[in-house]
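Peer 1: Listed here are the chains, written in short residue letters.
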Amino acid sequence: MSQKDLTVQGECVGVQSIRYLIVGFSHISMVILVSKPAIDAVFGAMFILTDIRVLLRKTAPHHVLDPAQKGEAEALLAGLEKQVEVLRRELLA
Amino acid sequence: MKCAGNIEVRDVEESSINIDPIQAGGRLTPEAMKAIIAYGDGYSVCDNCRKPFRLDYIRTPPIDVFHRDLARFLNLDVARVVPGARRGFQAVAGTYVGKGDPVLVTALSHYTEILAIEGCGGIPREIPRSRDNLITPDATAEKIEEVIRETGKTPPLLFLDHVDYAYGNLHPVAEITKVAHGYDIPVLLNGAYTVGIMPVDGREIGADFVVGSGHKSMAAPAPSGVLAVRQERAGEVFRTTSARTDVTGRTFGIKEVEMMGCTLMGVTLLGMMASFPAVRERVNHWDRELSNAQRVVDALRRIEGTVIQSQYPRAHTLTRVDTTRSFDLVAEKHKKKGFFFSSSLKAKGIVGIIPGATKVWKFNTYGLTDAQAGYVAEAFLEIARENGLSVS
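Residue numbers (the working numbering), protein chains in the order written: chain A, 240 to 332; chain B, -9 to 382.
It is possible that part of the hints are untrue.
[Said to hold, decoys possible] List time: in silico DSS-like cross-link candidates among lysine-lysine, alpha-carbon distance up to 30 Å:
hint: 1; chain 1: A; residue 1: 309; chain 2: B; residue 2: 336
hint: 2; chain 1: A; residue 1: 309; chain 2: B; residue 2: 338
hint: 3; chain 1: A; residue 1: 321; chain 2: B; residue 2: 323
Quick caveat, the hints were computed from the structure, so don't treat them as lab data.
So that you can see chain A by itself, here it is in the shape it has in the complex (with noise of 0.2 Å):
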């Protein structure tokens, strides 16, 4: 496989984010995907929001939040919004 087939083949999934920097020439012998950080923001803004769904069971059925809950509320959606901003300057810069 070329340089020039792994270039086509990054582009050819779509996603404006995923380049790749090819290390090697005759061989290519790795891979570094540029975008690593937009992966695990959404992976870590599906964790926070997950963690945010458990909080809404643990309170269900009226969802009255304790003071330590509001806490833990309140950083979850600081910490999911860094997450949405890793996203933004990763997909949209």
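Since chain A is already given, all that's left is putting chain B on it; use the hints.
Peer 2: Chain B in isolation, oriented as in the chain A frame:
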């Protein structure tokens, strides 16, 4: 909101308190939810499957370690993950039960045990229950004697439910196992309602095989479960293939016949694995769960005419209740008939009771927070008062 097409989002657990009798112990941990997000693709656990190409040898993710942890958790020697407890029953029955063999079950056995026996051509023979809905060692001995007398055969296996599905009663399984072993009958302990929510020590009980359900009691997706066995049984139940095909001469390595090769290969296994540390820890807090169950049961007992049909005080969070002489009397005159009860509960944000049921029904408080258990207890009392029932 839709997930896709015409599939609605399931938000029962987020919007309500769910006291469904079979769903409580299978609610996922946050860790399992996260693992499922990452491992949703079909053969997701197979990325790093190397020779000898078997599930319990995979190191990344650490499926090999998980298998050893499962065996240790149940204090037995060898464990395999299976697609539901019923597949564990099938594997053991397939190993020991032959056509026409009488196989012991109990009057409170789950139907899948009967089907597993039937599938092998065995004949299920029930140990009767006592008046208080328990299986006793004496009844076990009497049944074994009866079967041997009638058939001339010693049953090759006893299926024994640790806690039964009908009453949520905890049976004296160690004593019953001792009786069975007195006749050289191996015992399969069905821990679908116990493994993963309360401490289960297979060796202390004396069981030859312990089966647990991932989706019923180990906070895992369905279908998942565990089959753990003693070392001396492992070579039998987990025997490997010796087949060679006639045309191509193919052989199939160390695939296990009863497991049909690999068993759980995606979200079921990873969900089970991700929940396991929390599951292993939560069994140590069984007293708190019983306390919450007792709180709700005691509230129901305050409603005149209501009878708790399960053991009292409660030894499990699954409870069967008879409200023929309380809520069912209301149903007779209510404009919604029997649906008034589930409808009243739903209006208070509580779901899981079969709509229309006002005579005999079951519920399970497992996993509720203390506040939620208190809320459920008070909700039953409120519904009784609102409908003119006397509350002591």
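Peer 1: Are the Cα positions of residue 321 of chain A and residue 323 of chain B separated by 30 Å at most?
Peer 2: Violated, because 57 Å separates the two Cα atoms, which is more than 30 Å.
Peer 1: Tell me if the straight-line CA distance from residue 309 of chain A to residue 336 of chain B falls inside 30 Å.
Peer 2: holds (26 Å)
Peer 1: Checking one constraint from the list: CA of residue 309 of chain A to CA of residue 338 of chain B, max 30 Å. Satisfied?
Peer 2: Holds: residue 309 of chain A and residue 338 of chain B sit about 23 Å apart, inside 30 Å.
When the structure is compared with the earlier hints, a violation turns up for hint 3 alone.
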